[in-house]
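**Student:** Now for the letters of each chain:
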Amino acid sequence: MMTSDMEIPYAVKARPDTGLWNAKVGIWLFLASEVMLFGGLFSGYIFLRLGAAPGHWPRGLLNVPVGTMNTAILISSSVSVVFAWASLKLRQFRAYQLYMLFTIVCGVLFLTVKLGYEYPAKFNHFGAYIRQSALPKYEAYLGNAHLAARGLEPRIEITGHLENREALTNPRIADYEIQVDETNADPSSPENDRPHFWQRPLSDKVVKVAKEDVEFASMFVPRHSSFFATYFTITGLHGLHVLAGVLVFCYYLLPVSAALYRKDPEHFANRVEVAGLFWHFVDLVWIFVFPIFYLL
Amino acid sequence: MSNHPAHGPSSPSEIGPTPEEAAHYRRHARLYLVVGAVLLAGTALTVAASYINFGSMAANIKVALLIATVKASLVALVFMHLKEEKKPIYQVVGVTALFAAGLILLSVLAFFDHIYL
Numbered sequence: 001m002m003t004s005d006m007e008i009p010y011a012v013k014a015r016p017d018t019g020l021w022n023a024k025v026g027i028w029l030f031l032a033s034e035v036m037l038f039g040g041l042f043s044g045y046i047f048l049r050l051g052a053a054p055g056h057w058p059r060g061l062l063n064v065p066v067g068t069m070n071t072a073i074l075i076s077s078s079v080s081v082v083f084a085w086a087s088l089k090l091r092q093f094r095a096y097q098l099y100m101l102f103t104i105v106c107g108v109l110f111l112t113v114k115l116g117y118e119y120p121a122k123f124n125h126f127g128a129y130i131r132q133s134a135l136p137k138y139e140a141y142l143g144n145a146h147l148a149a150r151g152l153e154p155r156i157e158i159t160g161h162l163e164n165r166e167a168l169t170n171p172r173i174a175d176y177e178i179q180v181d182e183t184n185a186d187p188s189s190p191e192n193d194r195p196h197f198w199q200r201p202l203s204d205k206v207v208k209v210a211k212e213d214v215e216f217a218s219m220f221v222p223r224h225s226s227f228f229a230t231y232f233t234i235t236g237l238h239g240l241h242v243l244a245g246v247l248v249f250c251y252y253l254l255p256v257s258a259a260l261y262r263k264d265p266e267h268f269a270n271r272v273e274v275a276g277l278f279w280h281f282v283d284l285v286w287i288f289v290f291p292i293f294y295l296l
Numbered sequence: 297m298s299n300h301p302a303h304g305p306s307s308p309s310e311i312g313p314t315p316e317e318a319a320h321y322r323r324h325a326r327l328y329l330v331v332g333a334v335l336l337a338g339t340a341l342t343v344a345a346s347y348i349n350f351g352s353m354a355a356n357i358k359v360a361l362l363i364a365t366v367k368a369s370l371v372a373l374v375f376m377h378l379k380e381e382k383k384p385i386y387q388v389v390g391v392t393a394l395f396a397a398g399l400i401l402l403s404v405l406a407f408f409d410h411i412y413l
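Just so you know, the sequences run in chain order A and B.
Numbered per the numbering used here, the first sequence spans residues 1 to 296.
Numbered per the numbering used here, the second sequence spans residues 297 to 413.
Looking at chain B on its own, in the form it has when it is part of the complex (with noise of 0.2 Å):
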């Protein structure tokens, strides 16, 4: 992880891959054509997934949350390189996810208060 060519001491910029690193980046490319096509497949499947009667409305946008977050996951693991970063980015990410998180809440919490003065 640490030494991931991309962040570590990197060779003299004149220099091209070393090759170990050359194919470091060849089989990452293989891994982002995998996810590009997933990521695809993904939308066919919530495009048919919503014209399923799943019982109720609430199902289906459950259904449709649930495949968006493991699409979302894959871009920012896969595509954003999160999979394998810095100790500094994911403490940013873990805090923007906390707050980001209680902006969602403050909706919810709001429509199912009941306290009327």
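Excised from the complex, chain A in its bound form (with noise of 0.2 Å):
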């Protein structure tokens, strides 16, 4: 056997310049690039959002109790791997494989909601952006007079179920039947001057918006608006970490790393750590995405 001669150096122990085992760097340095990865989009997001045109940057359009639900979720998670982690220095293993069970479990559930849930009920969900010159034409939907005596900024955009589908594709349609969000069903209510909390039903109005008076319309997804690109794109990644976290998480349950346990308990409780790390790394950047989309 070979293996003996490729044992892979200081993986438990210190390397004498650093003062480290490697893995401990490698994860670090890898890290320092996500921080620039996010940090390139997070610019992109301050970008486009300073200089959005009034009433361009919508609030209240995701649902807050169920972003709030995913945060303390992700950072329940982010708990439980340091304690799978204290668990190995400790020599637990039957805890620390409930403790990472109960990690993984987390991650998808994260996922499921923002996959299952979330985006598809952005997907179904439209919008049509109302011409300069027929604003007036839609006032009692927008309450642009009401909304301006409060020193607010305009509202531009009329949302809710689209009732005819068919007519994002079919151009002899004139119109889009919309039944619109409450917002949009009573403009000029103070109650709907800030965004809610708790998700409002639709209202029962439906509004016919004419195609002529429309500027861009469109369901909410990547192409609906900077706040919705910046949206998936920012989540999307997100996303992607926290399946690659979990993916991790599942190999590390397998026998072969229970094997590595056995033959050296240091050197798994190290890889647990940095995987550790990456997770950790991956709730704190949820940290801001959920303020900076969810509630600003």
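Take these hints with a grain of salt, some might be off.
Here are a few chain A residues that face chain B, going by a calculated C-beta distance under 7 Å [stated by the list, open to error]:
hint, residue
1, Val79
2, Val82
3, Leu295
Hint data in this document are derived by calculation from the structure and do not stem from the laboratory.
Here a beta-carbon is modelled for each residue, glycine too, at the ideal position from N, C-alpha and C.
Each of the two chains sits in its own frame; use the hints to bring them together as a complex.
**Tutor:** Set out below in structure tokens:
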């Protein structure tokens, strides 16, 4: 067997010059590149938001209770992954397995909420930006006189459920028939000046918006606005990171990992520690993602 | 700091932790639980604060980013063990922080730059 010749050095013992085992240095260099990756995207977010014309940076379009729940799930998994590592250090393998399993369940739950509920709910919601010249015609659904009197940004979009979805593709259909959101149903109510915590159901009003009065209309997909473009890019990339973490953690529950633990528990604990460092970083990114998209 | 059991010369791996090491990790576990609870409370605080009118959108953004920065620091210092690391890690983190700040600053400066050709 060649394995003893191919032993990777400094997997457990500290390298004399760095004072660290190698994987620790490796993961931090990788995380440094990750900071630059997400930093570039956050920088793009700031640029687009600062440059957005009045009324072009929507608020209150995401489901805050669901986002809050997902934040709590991610924080809990960060706690459980350090517990998994500490269990290995204490040589409690059974406890390690349970904490790791809990962490994986949290990661899967987070992704399920995102992909199974949050994204589809947006893809099925519709918004039509009204042309400048046609704004007075739809004043009953926009309430701009009220907003201007209060010193708030204008409302230039009518949102809700698109009743005639074929209007998106069929040029012969002249109107979008929208079952509008509460904000557009009663736009001059002070109730609608600020977003609400609980998502409110659609109103029962159906509004016909002529296509010729519309500047741009689409479902809530990346092309809808700078807001959704940055939202889907950043949360999508973040979601891929959650998926990657879950896959690595699953590997750590396989028999091959248990074998490494029996052979060299410190080496295995170090592996779990670096994966944990990655997982905490993913949690750290979400701590910024959550307020900038859901709340502000 | 330097005799932190996670980094110092480790005991032979077949042998479990010494009693002192075991006590050390149990103490850490309690700290992790406290920080986890603080992070959850911080999340609730961020959500609650976003529904308070601090006078302007800019003020609300500042409050939210302040809370987020405190939460992120807790994650980095405690969960990621940055409060007791070796020098090379601090060097990597320091240089990265500098470049990341530059990246954010670029956008902000570009927006406030009114030199048009």
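**Student:** Now tell me, hint by hint, if it's right for this structure.
**Tutor:** Hints, one by one, checked against the model:
1. For A:Val79, the interface hint holds, since its Cβ comes within 7 Å of a Cβ in chain B; the closest pair sits about 4 Å apart.
2. About 5 Å separates the beta-carbon of A:Val82 from the nearest beta-carbon of chain B, less than 7 Å, and the hint is met.
3. Checking A:Leu295 against chain B: minimum C-beta separation of about 4 Å stays under 7 Å; hint holds.
Hint compliance for this structure: every hint is met.
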